[in-house]
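Participant: The primary structure of each chain is shown beneath.
Protein chains: 2
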Amino acid sequence: MAAQEAGPRLDDQVCFALYAATRAVTALYRPLLDDLGLTYPQYLVMLALWEHDELAVNELGRLLHLDSGTLSPLLKRLEKLELVERRRRADDERSVRVTVAPAGRALRAKAVPLPGVVGEAMGLDERQLDELRRTLRGVTESVNDYRATLG
Amino acid sequence: MAAQEAGPRLDDQVCFALYAATRAVTALYRPLLDDLGLTYPQYLVMLALWEHDELAVNELGRLLHLDSGTLSPLLKRLEKLELVERRRRADDERSVRVTVAPAGRALRAKAVPLPGVVGEAMGLDERQLDELRRTLRGVTESVNDYRATLG
DNA sequence: CACAACCATATTGTGCACAATTTAATTGCC
DNA sequence: GGCAATTAAATTGTGCACAATATGGTTGTG
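Going down the list, the protein sequences come from chains E and Y. Residue numbers 7 to 157, in our numbering, belong to the letters of the first sequence in order. Residue numbers 7 to 157, in our numbering, belong to the letters of the second sequence in order.
Any given hint might turn out to be false.
To be verified - Far from chain E by the CB rule (all over 12 Å, computed), these chain Y residues:
#1 63
#2 83
#3 88
#4 92
#5 97
#6 109
To be verified - Reference listing, derived: stretches of chain Y covered by chain E, where coverage requires no fewer than 3 residues with Cβ under 8 Å from a Cβ of chain E:
#7 19-30
#8 49-58
#9 112-124
#10 131-142
If you're looking for bench data, these hints aren't it; they were derived computationally from the structure. Even for Gly, the Cβ is constructed at its ideal location relative to N, Cα and C.
The whole structure should be built from the sequences, with the hints applied where relevant.
Facilitator: Next up, the structure:
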């Protein structure tokens, strides 16, 4: 009954399944996003900005679970592409507000078909996609709560 | 009926849920793996080697879906830590076979409790974990097949 | 007002991922 | 045997992630 193996096995790990699935999906996005001139993390930032139109760096970080070490250089690249604008707030010079530039707004139309393509490639129906998303959000929240009890 | 939004929304994206869950789980692993002196990708490599004892770099790449650009420097770091050994095959000098060094074998015992901790932190029971793993593997395979048809 | 505590962002350094190229060895074909 | 095609790793360059630290601005307290 007891496993002969003296340790954890690669294929038993849910974490590896997660890791592999994430990389497969972002690899699928890559050629599609190439047409928009974006990387996948840049695409996520644009998604957040298209929805909110204006966000401080720390608000973006809260939405995407990313810190300034990741976001600062990424936002500079988006700025150089003229997709976003960054401006220090007049009433609090510590804070940088990020807004969508005209070229960034125009890009949104090209992003509309992406989720459809990716959803189809995943081979799940609407209900399964919904359940997977719910499960993953539960895992994320549960793991982050658990981490908070340690750190 | 039709969405008012003119584009995809961040929270609707299964891909973002995947991305967030993967990063949360690897962040949970990080302090645990610090005790073993490993990063998460290095841990995956050790998992594969503990199971197979000897693998060529391209076999390792097939198992983990990684290429030599990622694996070569990673394996050199593991070699410097004296956890693995790398040796060119005598009968085919192109191929590098990677084996577990004594210190790497000893490390396996310390890795045994990890999956239990992580499983618990995810807040899913055995059956749910199993289903999630199966779903994720299906997604990975389906997406990779889809990518292959694009070429 | 001075100044410590705090806050938001930026910078530095390490280690993945991955595309593209390079190097070196092997195989296939004549 | 000679030589093009193929194969396996390694290298180079870009862009995340993230820890640790630095920079500069703001707030609270005496």
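Participant: Take the hints in turn and mark each one as holding or not.
Facilitator: Right, here's what the structure says about each hint:
1. 63: holds (16 Å)
2. 83: holds (19 Å)
3. 88: holds (19 Å)
4. 92: holds (20 Å)
5. 97: holds (27 Å)
6. 109: It holds; residue 109 (chain Y) is separated from chain E by about 15 Å at its closest Cβ, greater than 12 Å.
7. 19-30: It holds, with 12 qualifying residues against the three required.
8. 49-58: Three-residue rule met by the region 49-58 of chain Y, so holds; n is 5.
9. 112-124: Since 7 is at least three, the answer is holds.
10. 131-142: As far as the region 131-142 of chain Y goes, the hint holds, because 6 residues have Cβ atoms under 8 Å from chain E.
Violation of the numbered hints given earlier is absent; every hint is satisfied by the structure.
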